[in-house]
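Enquirer: Spelled out, the chains give:
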Amino acid sequence: KAGVTQTPRYLIKTRGQQVTLSCSPISGHRSVSWYQQTPGQGLQFLFEYFSETQRNKGNFPGRFSGRQFSNSRSEMNVSTLELGDSALYLCASRENTDTQYFGPGTRLTVL
Amino acid sequence: DAKTTQPPSMDCAEGRAANLPCNHSTISGNEYVYWYRQIHSQGPQYIIHGLKNNETNEMASLIITEDRKSSTLILPHATLRDTAVYYCIVRVPHSGGYQKVTFGTGTKLQVIP
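Protein sequences appear in the order of chains Z and B. When we follow the numbering used here, the leftmost residue of the first sequence carries the number 1, and every step to the right adds one. When we follow the numbering used here, the leftmost residue of the second sequence carries the number 1001, and every step to the right adds one.
Honestly, the hints are just simulated from the structure, not real lab data. Since no wrong hints were added, every one of them can be taken at face value.
Here are the simulated BS3-like cross-link-like pairs (lysine-lysine), alpha carbons at most 30 Å apart as the crow flies:
id	chain 1	residue 1	chain 2	residue 2
1	Z	LYS57	B	LYS1108
2	Z	LYS57	B	LYS1003
3	B	LYS1003	B	LYS1069
Only chain Z is shown next, with the shape it has when bound in the complex (with noise of 0.2 Å):
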């Protein structure tokens, strides 16, 4: 089966700007999540989905927000970028087991 997918890998945005990462799961996984990694702060949990719904949140501004699709795929958005934003935001997806399977990760810069 094919991994983790993410798109784009790189992006680069100024302050103010809103920008939206796509997450393709592995095949048969119904189970997407959201994570942000700074070197400050480690990898921290955004949000999971599970069948279209969001069923866990972590401690994050309104600003960052997401939606699974009906083929699983799921996408994250982000507002109003701030300078802080600036991280790998990574996907996991998994079955019904407690495994996740990370994908490559997108790296954005705000400017």
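Given the coordinates of chain Z, work out where chain B should sit on it, guided by the hints.
Expert: Just chain B now, with coordinates in the frame of chain Z:
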């Protein structure tokens, strides 16, 4: 989920076994121990997990103490490609629903030629 404690960094000579410890003294009876690793600027990669018995797969071995308060991940013959940050996580597996995985700071393993 129980918290884990790992050394911030370790070195290992290439070809030798790398033994990465993890302390999880507050682990509860139904929590599993999971190990992931993250090679620089890539997504974390699942390595192995276990409940109380020792586990082995093609990547590594997991040794869990009898009281389950600590565990050791063993890479039997470390290569340069094993240089990464290794995360130890303990949690109760969920079935069919949502979950949240909390990663600590991990151990940065440097394999030395």
